[in-house]
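Quick mapping for you: the protein sequence lines, in order, are chains Y and B.
For the first sequence, my numbering assigns the number 1 to the initial residue and increments by one for each residue that follows.
For the second sequence, my numbering assigns the number 1001 to the initial residue and increments by one for each residue that follows.
By construction, these hints were calculated from the structure, which means they are not laboratory data.
A virtual CB, placed ideally from N, CA and C, is assigned to each residue, including glycine.
Treat the hints with care, since some could be wrong.
[Unchecked claim] Facing chain B, a subset of chain Y residues (Cβ under 8 Å, in silico): (1) Ile-19; (2) Asp-26; (3) Thr-31; (4) Pro-32; (5) Val-36; (6) Tyr-40; (7) Lys-44; (8) Lys-49; (9) Tyr-54; (10) Thr-114; (11) Glu-118; (12) Phe-191; (13) Tyr-200; (14) Arg-222; (15) Thr-243.
[Unchecked claim] Some chain Y residues near chain B, calculated using beta-carbon distances under 10 Å: (16) Met-1; (17) Tyr-3; (18) Glu-4; (19) Pro-27; (20) Ala-86; (21) Gly-220; (22) Ile-242; (23) Thr-353.
[To be verified] Covered stretches of chain Y (chain B as the covering partner; in silico rule of three or more C-beta atoms under 8 Å from a C-beta of chain B): (24) 69-82; (25) 101-112.
2 protein chains.
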Amino acid sequence: MLYEINEKALKLESEGKKIIRLNLGDPDLETPPEIVEAAYTAMKAGKTKYSSSYGEKKLREKIAEIHGVKTDNVVITPGSKWGVFATMYLMMQGGGNVIIPTPYWTAYGLIAKTIGAEVKLLRTELENDWKVDPTELEALIDQNTKMIILNNPNNPTSKVMDDETLDAVVEVANRKGVTILSDEVYSAIAFTKTKSILEYDGDCNHILSNGFSKTFTMTGWRVGYIIAEKLLVDKITKLNQITINNVPVFIQDAALKGLELREQIATAIKNEYKARADMASQTLATAGFSFSKPDAPFYVFPKRAGLNSEKFTLDLLDKGVAIAPGSSFGDYREHFRISLTAPRDQIETALQTICEAV
Amino acid sequence: MLYEINEKALKLESEGKKIIRLNLGDPDLETPPEIVEAAYTAMKAGKTKYSSSYGEKKLREKIAEIHGVKTDNVVITPGSKWGVFATMYLMMQGGGNVIIPTPYWTAYGLIAKTIGAEVKLLRTELENDWKVDPTELEALIDQNTKMIILNNPNNPTSKVMDDETLDAVVEVANRKGVTILSDEVYSAIAFTKTKSILEYDGDCNHILSNGFSKTFTMTGWRVGYIIAEKLLVDKITKLNQITINNVPVFIQDAALKGLELREQIATAIKNEYKARADMASQTLATAGFSFSKPDAPFYVFPKRAGLNSEKFTLDLLDKGVAIAPGSSFGDYREHFRISLTAPRDQIETALQTICEAV
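So here's chain Y without its partners, still in its complex pose:
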């Protein structure tokens, strides 16, 4: 229903109606000008040719340095979604199943469906602070389980997994010999420290998916990366060679500039979204919604007992506010997702409309 809401929002806007767009994870902020200038400089320097399907060496080296891995373990992808697709496509050829905790970013499920993999959903609940139960996880694993996908911090809950839970999940995966693909695209701007999958040893060759979209407000630039064992990096590179070939070098130069300025850029983004999250949390709590306070940008995922969130979302759209129903992230009919991706005054207005409408 995520696409349906977005299409309807666009249609209403094209009819002249004003819509506050809190339905997507696309920040209202601009890409920092230093990043734009780095791209322009690279273009003018002729960095517009075919290039390595691994990605540029300098960018891979910088990423390797930040994550404490070898350059050989890094491959650049046109967005983190491509990284997730390529990894699943290559690891799940010949079938098998993938375990995904819910609520979840539905792209994981759509990718699995497209490549013919079975999805096993593992429910988590607000009432249990969105914790994955390691015993339930273990019970879901069978001999055809090829992968567990974690999204940490999580979209739509903005919850960071606590160390104890993540330790237990990794222990189960290692013992059962199942690879974890950890999508940590929100981690560099999380409000609390997020433990990375790369901090664990073991023979299961866990995989990190990451991107520049969220940390550097570069959603439309399409650049991300996978960190994995060299064998998988080489396979993704071979897939790149027959599909996208390479991420434009001037975009990789722009991404590198982002990494060089990451303290300053990430801090500014974190501060802005923390302020928005605090404001939203206060208003929603006062109005009696249940939710876990965001540990990261960009989302709040409130609940109201008895709510039909699909109807609620559609009604709200007629009142000029676009959000996403909980059903877009699994079986969460009483929840809805607010993206705090608009200027604060617009978020404030939207929150009032939401509180009045419920």
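Position chain B against the provided structure of chain Y, taking the given hints into account.
Structure of chain B alone, referenced to chain Y:
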């Protein structure tokens, strides 16, 4: 062996050796500055957000206008290779075979292999002016044939199919109910008029693959398009949604600028490559090589009876010239491909080295 040669050339260069690089289809010319400026303007205007997986409406409209089709029949892809991959992936799920005339761009074969499709090669010969024999084509088609791939103008021969041959090929395809995927990425800068697959009617829903790399010297920008029936365009868009999401909007703005200036840009490129092709043809003919005179940029594909082109290519690399052996394009051991993608004086030097070495 194409990649091996390129890696070895890069290695020799890193050791300080000077190599004239005529082994890839990556032009030495720069992307026209108007195109670079259009990208920069778009970036500064904030066109850096998530966008439609169909591509930008304005770009699709312009492409539709140029090719005389509807906007609904156009989908933008990150390079024409992605278009070929997506089309083959979607049309050949569940197996089947694809017929490809040789010599051919090996990416087609690698894509087929990756997605688990069978490849049936249809040999053409210099001695028969590289013509596809419609009778041989018909004999290759069976009930599992899902696609014929044409590359017109052809890489590596730079041959444009004559109308009579193309008419006959399309007639066979239509009668047998097989879809043609026509990769026409060199057609806008061909020295002779190239008849497009879009000029044919029929129920087989033939498909055009095209890109901006060659016409506008935008190889590293990764932007191309597929023109097809709406059903396939919608399917490619759905695949885009779960993989690359969208081509950056600022890159699409740059591509649109290219199309607006296409007369001027294509003419300049055509003239430059025509001059290079004439020069190469004269030198190679004098030295007694057999070849068909290029109808299009960027390649010449000469033959010398008894030549072992893999050995010849490797020896030549030690003499400072990188070309591609005929075996990289099918069973063409006596041929080699020269890419005329270097300044004229370098091409001249390289041709002398080639003629002396043989």
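**Message:** Hints numbered earlier in the text: which of these fail when held up against the supplied structure?
**Reply:** 1, 4, 9, 11, 12, 13, 16, 18 and 23
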